[in-house]
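Chains as they are written, first to last, in the numbering used here: chain G, 1 to 176; chain V, 1001 to 1567.
Keep in mind the hints are simulated off the structure, nothing from the lab.
Taking lysine to aspartate or glutamate pairs in the DMTMM-like style, the calculated list, with each CA pair at most 20 Å apart, reads:
#  : chain 1 : residue 1 : chain 2 : residue 2
1  : V       : Lys1050   : V       : Glu1034
2  : V       : Lys1474   : G       : Glu134
3  : G       : Lys27     : V       : Asp1374
4  : G       : Lys55     : V       : Glu1319
5  : G       : Lys27     : V       : Asp1363
6  : G       : Lys27     : V       : Asp1361
7  : V       : Lys1487   : G       : Glu85
8  : V       : Lys1357   : V       : Asp1346
9  : V       : Lys1364   : G       : Glu18
10 : G       : Lys27     : V       : Asp1360
11 : G       : Lys55     : V       : Glu1313
12 : V       : Lys1226   : V       : Glu1070
Quick caveat: nothing in here was measured; it's all calculated off a predicted structure.
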Amino acid sequence: MKNVPTVNVDRPRQSLVERTYLIPIFKGLGVTIRHFLRNFFGQRDVATIQYPEVKRQYSERLRGRHILTTKPDGSLRCVACYMCETACPAECIHIVAEEDPTATVEWEKRPLVYEIDLLRCVFCGYCVDACPKEAIIMSRVHEMAFTTREEAVVGIDELRQKGPIESEDIGYRPYF
Amino acid sequence: MTVSSLQAPAPPHPLSDLLPQEVGVRQAADGHTELAVDRGQLIEVLRTLKESPATSCDLLLDVCAVDYPERAARFDVVYHLTSLGTGQRFRVKVAVGEDDPVVPTAYGLWRAADWFEREAFDMMGIRFEGHPNLRRILTHEAFQGHPLRKDYDPGQRWMLTGDETMVPSWVKDAHEDDGEFETAVLNLGPQHPATHGTLRTVVRLDGEVITKAECEIGYLHRCFEKMSETHGWNQVIPYTDRLNYCSSHINGAGFALAVERMLGIEAPPRAQAIHVILSELSRIMDHGVCLGAYLVDVGALTNFWYFYQVREEIYGLIEACAGGRLTLSYSRIGGLAHDVPADFADRVRFLLGYIPKFIDDVDKLVTANRIFRDRTEGVGAISAEEAVAWGWTGPCLRASGVPYDVRKAHPYHGYDQYTFEVPVASTGDCYARYLVRIEEMRQSLRIIEQALATLPSGPFITDNHHVALPPKQKVFTEMEALIWHFKLIYEGIKVPPGDAYACVEGGNGELGYYIVADGSGRPYRVKVRPPCFAIFQAFPHMLEGHLVPDFIAIQSSLNIIAGELDR
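Here chain G stands alone, though its shape is the one from the complex:
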């Protein structure tokens, strides 16, 4: 071993004080009683959160349920380019494209079907990174419960942005 600086953590045999058992126990009780008194009377440094009455405030990067963003006219920004489907490590996104009849140029695509299987999704955010149109972002909604597997496959209607973007609980989105 080429001169690695080490620190030896071996401890000597139990001293007489340690062998009495009681003195270290009182020292230990001192630690727990200090915690108890501090939490009882003054500052509460308790990590427990009384969920679901109280909820943790997550950062603006939290990767929760997806949102499909819309243009000002209410149509989806998604152009069905399949980038998110390709980038997804969990293979949970399914897209079927169709031609956009309202487009001003020819051969503009839009998604006919856009489904995410939330039970397969690992919430890695790769779809958001892959999207070249900022058409898929993530919210901070992380409480998702389903009663059947079919319910967990959500489509355009469930994913579409509900109102103005400020009103959504925005989580992970590109560039910070």
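Once you've looked at the hints, dock chain V against the given chain G.
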């Protein structure tokens, strides 16, 4: 310099005197000396590497196989060795054909070969001649075929009938070592409150003394290696988060490091420093969870809460950086997914003041406590020679007195710039493993402090557009960036053909990735060298002669992480 000295033939490799003439010696780009060996000479070469003073490879790190279906000799069996004394690393390759995939076992040289060879047999169907217990290990006994072979269809399903459960052969001859008490066979796990992961251990008891034990693993096998072969390089990173789920960041950083080595690039200094800070915070969490659970198992509950309070605060910071608490997906090949938040330095500084109080509290409660010392001192002791023979690394090896730490022996991410010490103990028992982990948490805090003080500014990911996605502003506004973005997503990173092994110091020891690329956008083969795997192959042997309650203390002190044990 004269012309003649430029044209002088390369000096013969210093190994060529030691080894047979036919052995091809080559210096690989990842710092390994690579030997291509014929099957008949394998044991001789391995013995030379182990016993010759010039090489003295005392640690067998990994045995795995790689499948090349189009080759005549279809499989490569690959051994990774290192010398603790000189730090040299060796990779030995043996090619064998499909019709006769037999290789002599290395179990006689290193006991570490035990489970690694079983895994290569299970996954690739390589038979190791002379191996004492060559059975399947990660898949079920009733499984058919070898899943990591390229022609194996992963969509197949195998019917499992009820009577196909693993029963060790020695269970039947229960009466041979009847002592004072009646012999009994007991199943501990996989659903046992003290087996924090899923580990099944069958033990034979003489009264309350364990006389024989055997482990069964694989309950959490998720086909990590097979899945990696069907996804792009960056897409593997979310899978690595599930390896050692107590310190997820280290896994992703290690995988990215391995691929970066193959690409011949380096993450920018800022990304490396952030990797160091988050890896050390992850190590504190990993040790905290391990010790917290360990102390609960031996009856000290309070410490668990103190460590979990620390862990909660660290997860808060990690979530603010990465967007996820347990499954970060924060590393990318070439750097990080995005920069840390603006208040990162303040939050790390807060943690530097916050964490030591809890470590000190646990120290005061437990270290001098006679109940704990009596319960753990001398229990599960393993000598340095044995630990090395079993392929141990990490805190468990250091508790036996071997100061091997990847951060010191093979520095990565700029660990050589930071001043820290490697904690070692000499007794190698459960108590020593506790002491080493406590001290390692303090050393990690030292590293974080230094890394934060010198945290460079600058980019957080390489600007090489063959590797990293361009910034989103550019993708939205510039044509070239959009093209690179499309090409990277659809085709993936083009890693040049070849192989590389890179290792980082994980929570439990050396976490290695052996990666083979074929030039396409996907890994050809990814092999993880999980530290837990080597440690737990020694576990049944350590149990012999101990009591059933010691089983709990030993297992918890070794820190079982089923995610990386089973992959």
